[in-house]
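> Given the sequences, and given the hints that come with them, work out the whole structure.
Listed below are the residues making up each chain.
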Amino acid sequence: MKPTVFHYPAKLEGEDIPLVRFHEVTKRYGDLVVLDSLDLDVAEGEMVAIIGPSGSGKTTVLRMLMALEKINDGIIYVDGEPLTHMSRNGGLVWADEKHLRRQRLNIGMCFQHFNLFPHMTALENCIEAPVQVLGMSKADAIKRAEELLDMVGMLEKAHEHPSRLSGGQQQRVAIARSLAMRPKVMLFDEVTSALDPEVIGEVTTVIRKLVHKHNLTMLMVTHQMGFAKEISDRVCFFYDGKIEEQGPPDQIFGNPKSERTQQFLSAVLEAN
Amino acid sequence: MFDWRWEFVWQITPRLVEATGRTILAALLGYGIAMVLGLFFALAQRTRFKLVNKPIREFVEFIRSTPLILQIFFVFYVGPQFGVMLSPWPAGMIAIGLHYASYLSEVYRGGIDSVPKGQWEAATSLSLSPTRTYYRVIIPQAIPPAFAGMGNYLVGIFKDTPMLSVIGVAELMHTANSIGSEHYRFLEPYTMVGVIFLLISLPTAAVLRKAEVKIRRKMGLR
Ligand SMILES: Nc1ncnc2c1ncn2[C@@H]1O[C@H](COP(=O)(O)OP(=O)(O)O)[C@@H](O)[C@H]1O
Ligand SMILES: [Mg+2]
Chain A
6 MKPTVFHYPA
16 KLEGEDIPLV
26 RFHEVTKRYG
36 DLVVLDSLDL
46 DVAEGEMVAI
56 IGPSGSGKTT
66 VLRMLMALEK
76 INDGIIYVDG
86 EPLTHMSRNG
96 GLVWADEKHL
106 RRQRLNIGMC
116 FQHFNLFPHM
126 TALENCIEAP
136 VQVLGMSKAD
146 AIKRAEELLD
156 MVGMLEKAHE
166 HPSRLSGGQQ
176 QRVAIARSLA
186 MRPKVMLFDE
196 VTSALDPEVI
206 GEVTTVIRKL
216 VHKHNLTMLM
226 VTHQMGFAKE
236 ISDRVCFFYD
246 GKIEEQGPPD
256 QIFGNPKSER
266 TQQFLSAVLE
276 AN
Chain B
-9 MFDWRWEFVW
1 QITPRLVEAT
11 GRTILAALLG
21 YGIAMVLGLF
31 FALAQRTRFK
41 LVNKPIREFV
51 EFIRSTPLIL
61 QIFFVFYVGP
71 QFGVMLSPWP
81 AGMIAIGLHY
91 ASYLSEVYRG
101 GIDSVPKGQW
111 EAATSLSLSP
121 TRTYYRVIIP
131 QAIPPAFAGM
141 GNYLVGIFKD
151 TPMLSVIGVA
161 ELMHTANSIG
171 SEHYRFLEPY
181 TMVGVIFLLI
191 SLPTAAVLRK
201 AEVKIRRKMG
211 LR
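Top line first, the protein sequences correspond to chains A and B. For the first sequence, the numbering used here gives the first residue as 6, with consecutive numbering after it. For the second sequence, the numbering used here gives the first residue as -9, with consecutive numbering after it.
In silico EDC-like cross-links for lysine to aspartate or glutamate, where the CA-CA straight-line distance does not exceed 16 Å: (1) B:K44 x B:E96; (2) A:K75 x B:E111; (3) B:K107 x A:E74.
Read the hints as simulated data drawn from the structure, not as lab findings.
Structure (structure tokens):
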């Protein structure tokens, strides 16, 4: 079978190319269209909050960018390079596993349920990939992991297993584990949703630090409207696999144009 | 009344003890083969390549649906027709190893399936290769839930070693048979074989249960 050749640009070039670009990305599960020809650019250093009703495709956007699954149509670029595609004989074809694995190095992801490796200590969780994937020496990896665990306030618990940590602590370790790979983009998928209210603050404090001190590029799916408003540069309201409305937080939360955005926000406010 | 003779018991004890050693050796060797081969079967059944996973799956199904004794006979007596001439020990180890590998592969599969999807996704998001993911993330977590099943089959393989006597492996049963026919007395040797099996199986099961708890704790798993 001859591979399909795509005629997207093989590279994004120029002064102000976005760090992440979704171009007409469609994701389907069977007949269900979950992302519908989505366009989304994220600039370097930008913090984008993704909000929207359950099932609107928020998690899917992050999973596609993390290349946990394949898209059905369109293309994603990271740092100007195709993520979902690769160059072959002057054209673009679907990326193979090897290409995906290399491109994933640019992306870090934190999950709702942390997904720490339970048989490894906090420190071991943080050095596993740097040693195995980046080929760092164990000593260097430990040094970096300790710095990061310190940054998230978990250095004291470096030698504990996840089962002995609270949810908030596990999530902070998970953030350190992702950062240890030095990703260009960090993805947060409702990282506080599984936490008890009193520990949500520990995690948001860490994210705040990443925004203000480290100027990391981030996409954050969240239900915490207050936090999104405070911290993001831009808010995207998802509805039915599309961006229904986007803009600066003041505009989206203060003066939403779309009726659906208004309805969603008032429903969320009522619930709180 | 029973005609139980203690002096006969003492007389045959050394031979039975020696045979017990061979029985344990056979069980451990067979189990070692089964553990490694079973893992191979389990992983091979999970690959995307149909040319690998289909035949393996069917082979495992075939082994699980036919009696062990038939498989032992097959390797030993039919093997030579295909140019595979094996003496009793290797033939027996291959047969019992394959048999239990098929069962253990199902236990491993259950263990692997019990690892949450989020673990795979975390490993993928960290760019760990599939091999590393299995070796460092999935298998360590798949073993503890599989441990109970693995323990049952260790005791199971031990209790199945007497079947090797049919091709002349001089384990406990074979030795008891020889003693019986030499002395025309079967009561004592067979009773002793039963007691020996009991004395080994029961504590082994108990030790394994304790070991499971310990291993879980050591790995930081609950
Ligand atoms: N693996 C899957 N198979 C089938 N449908 C899926 C799968 N993953 C997600 N979906 C569907 O895709 C839609 C969007 O899911 P998701 O991105 O998780 O929504 P959100 O995170 O906004 O709540 C939902 O209708 C969900 O049921
Ligand atoms: Mg979601």
